[in-house]
Amino acid sequence: MLTRDEGWQLLCEWTPSAKLRIHARAVELVMRDLAGRLGENVERFGLAGLLHDADYDTWPEEHPTRIVAWLRERGETDLAHAVSAHYTRWGVPYDHLLDKALLASDEITGFVMACALVRPTRTEGLEPKSVKKKLKDKAFAAGVDRFEVAEGLRMLIEARGGTEEEHLARIIAVLHEHREELGLS
1 MLTRDEGWQL LCEWTPSAKL RIHARAVELV MRDLAGRLGE NVERFGLAGL
51 LHDADYDTWP EEHPTRIVAW LRERGETDLA HAVSAHYTRW GVPYDHLLDK
101 ALLASDEITG FVMACALVRP TRTEGLEPKS VKKKLKDKAF AAGVDRFEVA
151 EGLRMLIEAR GGTEEEHLAR IIAVLHEHRE ELGLS
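With full-length UniProt numbering, letter number 153 in the sequence shown gets 153, and the count goes up by one each step, no holes.
Simulated from the structure, these hints should not be mistaken for laboratory data. Predicted, not measured: the structure shown is a model, and the values here were computed from it. Even glycine gets a Cβ: it sits at the ideal position worked out from N, Cα and C. Worth double-checking, as some hints may not be accurate.
[Unchecked claim] Here are the simulated SDA-like pairs of lysine to any residue, each with C-alpha atoms no more than 20 Å apart in a straight line:
(1) K19 <-> R179
(2) K138 <-> R160
(3) K132 <-> R170
(4) K136 <-> F147
[Claimed, not checked] Simulated restraints, written as ranges between beta carbons of each label pair:
(5) F140 <-> S185: 18 to 24 Å
(6) G125 <-> R72: 21 to 27 Å
(7) C12 <-> E127: 29 to 35 Å
(8) D95 <-> A139: 32 to 38 Å
Using the sequences and the accompanying hints, generate a full structural model.
This is how it looks when you write it as structure tokens:
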């Protein structure tokens with residue numbers, strides 16, 4: 001079984017961009033937190049978050065086929081499937097909670113970080129309603145696909161309940177807890 005250390009080593013090898021490594025770490029933290037709250041495997045969820053974009057910097061035109069193949073070669077089929085499904089337009093089915101959780105955590109985690117970075121207090125005092133308001137502003141963090149955010153939240157809520165506000169509050173709390181490491185202080 002793949003370890004977190006092996007995953008981090010691969011991420012650093014394939015991902016020269018510190019910004020993308022920070023994104024991967026943030027999604028890992030959000031996924032680990034979600035798994036813990038849902039009684040799921042924290043390590044597996046964390047690895048999916050950590051590695052979902054591992055091949056993007058070096059092979060953007062092949063993303064995510066390189067990391068998916070690498071995971072499959074090691075028998076990590078659940079991780080490979082989740083990574084291959086972290087964008088709905090790729091047409092991969094969402095068979096497991098891990099798949100839905102990654103979709104529900106990837107884009108929105110990056111978006112919440114963008115929201116925090118434009119505030120003088122960063123994550124301190126950031127509220128879900130502010131994030132939802134920024135989501136309506138198509139010019140803000142324009143690279144974040146709002147459809148992917150909405151679909152991910154819908155799938156996660158359908159699978160495990162809760163509300164968008166609760167999911168956003170949890171993401172904000174995780175990012176705030178790790179603000180130093182993530183450059184959000």
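Structure-based check of all given hints:
1. K19 <-> R179: Holds, at about 14 Å.
2. K138 <-> R160: Since the Cα atoms of K138 and R160 sit roughly 28 Å apart, the hinted pair is violated (cutoff 20 Å).
3. K132 <-> R170: holds, 14 Å
4. K136 <-> F147: Roughly 11 Å between the alpha carbons, so the hint for K136 and F147 holds.
5. F140 <-> S185: 18 to 24 Å: holds, 22 Å
6. G125 <-> R72: 21 to 27 Å: violated, 43 Å
7. C12 <-> E127: 29 to 35 Å: holds, 34 Å
8. D95 <-> A139: 32 to 38 Å: Holds - the Cβ-Cβ distance for D95 and A139, about 36 Å, lies within 32 to 38 Å.
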